[in-house]
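If you read the sequences in order, they're chains A and S.
Here numbering that gives the first Met the number 0 is used: the first residue of the first sequence is 0, the next is one more, and so on.
Here numbering that gives the first Met the number 0 is used: the first residue of the second sequence is 0, the next is one more, and so on.
No lab work stands behind these hints: they were computed from the structure.
Backbone N, C-alpha and C fix where the C-beta goes; we use that ideal spot for every residue, glycine too.
Any given hint could be a false lead.
[To be verified] Derived DEER-like restraints, expressed as beta-carbon distance ranges:
#, chain 1, residue 1, chain 2, residue 2, range
1, S, 75, A, 82, 30 to 40 Å
2, A, 79, S, 257, 50 to 60 Å
3, A, 116, S, 290, 36 to 46 Å
4, S, 78, A, 148, 52 to 62 Å
5, A, 131, S, 271, 53 to 63 Å
6, A, 172, S, 100, 26 to 36 Å
7, A, 21, S, 55, 21 to 31 Å
8, A, 0, S, 238, 29 to 39 Å
9, S, 226, A, 148, 43 to 53 Å
10, A, 23, S, 275, 36 to 46 Å
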Amino acid sequence: MECQECHKRKATLHFKHIINGQEAKISLCEMCAKKKGYITYPEEGFSLNDLLSGLFQTEGLNLGSTGTAKANQPKHPQEVRCSSCGRTFTEFKKAGKFGCADCYASFGSKVEPILRRVHAGNTKHTGKIPKRAGKYIQQKQLISSHKEKLKKLIEEEEFEKAAVLRDKIRELEKANNHNKEAGGNT
Amino acid sequence: MTLESFINEAISPWMLEDGPDKDIVMSSRVRLARNFANKLYPTSGNKEALQEVLQFVKHSYIDQDNSGQQPLAFLPMKNLNMIEKLVLVEKHLISPHLIKHSDYAAVLLSENEQTSIMVNEEDHLRIQVYYPGLQLDKALEEAYYLDDWLEEKADYAFNETKGYLTSCPTNIGTGMRASIMMHLPALVLTKQINRLIPAINQLGLVVRGIYGEGSEARGNIFQISNQITLGKSEEDIVEDLESIVHQLVEHERMARKYIYEQSEIGLEDRVFRSYGTLKNSRIIDSKEASICISNLRLGIDLGIIENISENILNELMVLTQPGFLQHYANKALRSDERDIRRASIIRERLNLKK
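With the hints as constraints, model all of the structure from the sequences given.
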C-alpha cells in the first residue's frame, strides 16, 4: 500500500480517527506521518501523551520530566520560549494556556498535534474573519480561488475566459495591496 | 427589599420573553472569545497589559454609540463586593474565573442583561449573548454585531489559518462556544439520558451541569455545547447543535407523554409531594430544592398544577443559590443558615402565586 500523502513511499503507519462520529482511515509513510503531526518523536522532547496530560492537568505535577521525555531531555537549558511573553513550552503544557498571540508561532509545530487532538483532526479555521481588518484576508482568499479557476481554464484551453479572469485577478491584487498598506492585516 | 423586587433582580428581563420550545429549552447562549493584537493575554499575568486593556475598553467603548444596541454599563470587578460578584455568577453574567482574577477585570452589561462582555477573563474579551428558548441563530447574529462593533476600534489577534487566537487551545478558530440550557426531567426519569449523553458526545458536543464545567446536572438541567471550534464555521456549529437539541426536545416530549400514560397517578404523586415539600419545609438544602423545583415545573408543564407561573424554575433556581440568599439577607450566611433562608424564600415565593 502506498502512502496516501506522498504517493511515493510505502505506507507503514495506519491511523483511524473519529471526527464528529464519522470514522476516517489514513495510511501514511513514516515521514509524512511525522510531517502531518500524526506522530512525534521522543528526541523532540515530548510524546502525545505528555502533551495531552500537560494540556488538561490542573495539579502542579511536572509531566515534562516523566518517562521518555526525561531520558532525552535532561534539564534542557535551551527550551523553546516565546520571545514576546516569555512563556516556555513546558509552562504552556502545565497551564494549558498560551501567554500571548505569538505563542502559536513560537512553539510552532509542537502546537499542531494539540490542536488536531482537541479539534477532532482539524487544523484550519473556516469561520468568521474580522469584518474591518479582515478585508485583506477575504480578498486574498477570493484571489486564490480565482487563481485555481484560472489554472483550470488554461488546462481546458479556454484562453479567452482565462484572459478575462487574469485581468480581474491583477486588478484585485492591486486593490488589495492598498488594503495591506492601510494596515488591514493583523 | 420586598420579595417581588428581589425576584425582579434575580430574573434577567430577557428570561421573561417568549421563545421557541421554552417549556424545555431554558436559554440559548453564544460566547465569542477575542483578543486584541499585540497585547499579552490576561493568562500571562502581566499587570501592565491587563491595565492597558482595561483602560482601553473603558475609554473606547463606554458611552460610545454602539449603533442601535442597548447602552452598556461598565462594572469593574474591583468595585463590587463578594456577594455582588457571586450574584452575577449565579445569573450567568460573569464566570467564576473573572471573580478569581478580579483586580483588572470588568464586565460590560446591557440593561436587560441579555448581553455581557467580560474584560480580562482568560481572554481580553468574552462576548456573551443570551436568548430565551431555542434561538441560537439570533444569539449568533447579535454576537456578530457586537463583535464587529468592537473590532472597529482595535485589531484582533487573528491568524489566517488558525482563526481567532485565544489563550486556550480549545477555543482557537472561531472562539465560539454555543450552548443550550435544557430541562430534561422525563429523560432522567426514564433513564434514557444515560444512553443519550454518550451519543451526543460522539458528535463533538459536550453535556454538562447547569454551572458549567465539572458541575453536576442539578434539577435535571443540562447544558449542551460545542466542543470543536476549529475547522467548522460558526453557522455550521450552531446548525448542528440546534438539530441535536431539536431531537432531544422531541425525545423529552415523548418521554413525558410515556410517563404520563404509564402512571398518571405516580407522576401526580411525585409532583404534589415535591410541591408539598417546597410549600412546607423549614430547612432545605440546594440539592433537594433543585429536585423538587424540577418536579414542580414538570407538573406545571403537564397541566397537573395550575396557577403557578412556568417561570418558577428559572426564578427559584437562581433565587435559591448561595449568593442570592445572602444578597437577600443582606449579610453573609453559613451553610445551615442558608438552608433555613432557602426554605423560607421558597415558601414566600409560592404564596405569591402568580
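Quick rundown of the hints versus the structure:
{"no.": "1", "hint": "S:75 x A:82: 30 to 40 Å", "result": "holds (32 Å)"}
{"no.": "2", "hint": "A:79 x S:257: 50 to 60 Å", "result": "holds (58 Å)"}
{"no.": "3", "hint": "A:116 x S:290: 36 to 46 Å", "result": "holds (37 Å)"}
{"no.": "4", "hint": "S:78 x A:148: 52 to 62 Å", "result": "holds (57 Å)"}
{"no.": "5", "hint": "A:131 x S:271: 53 to 63 Å", "result": "holds (58 Å)"}
{"no.": "6", "hint": "A:172 x S:100: 26 to 36 Å", "result": "violated (45 Å)"}
{"no.": "7", "hint": "A:21 x S:55: 21 to 31 Å", "result": "violated (44 Å)"}
{"no.": "8", "hint": "A:0 x S:238: 29 to 39 Å", "result": "holds (37 Å)"}
{"no.": "9", "hint": "S:226 x A:148: 43 to 53 Å", "result": "violated (35 Å)"}
{"no.": "10", "hint": "A:23 x S:275: 36 to 46 Å", "result": "violated (55 Å)"}
Violation of the numbered hints given earlier is confined to hints 6, 7, 9, 10; the remaining hints are satisfied by the structure.
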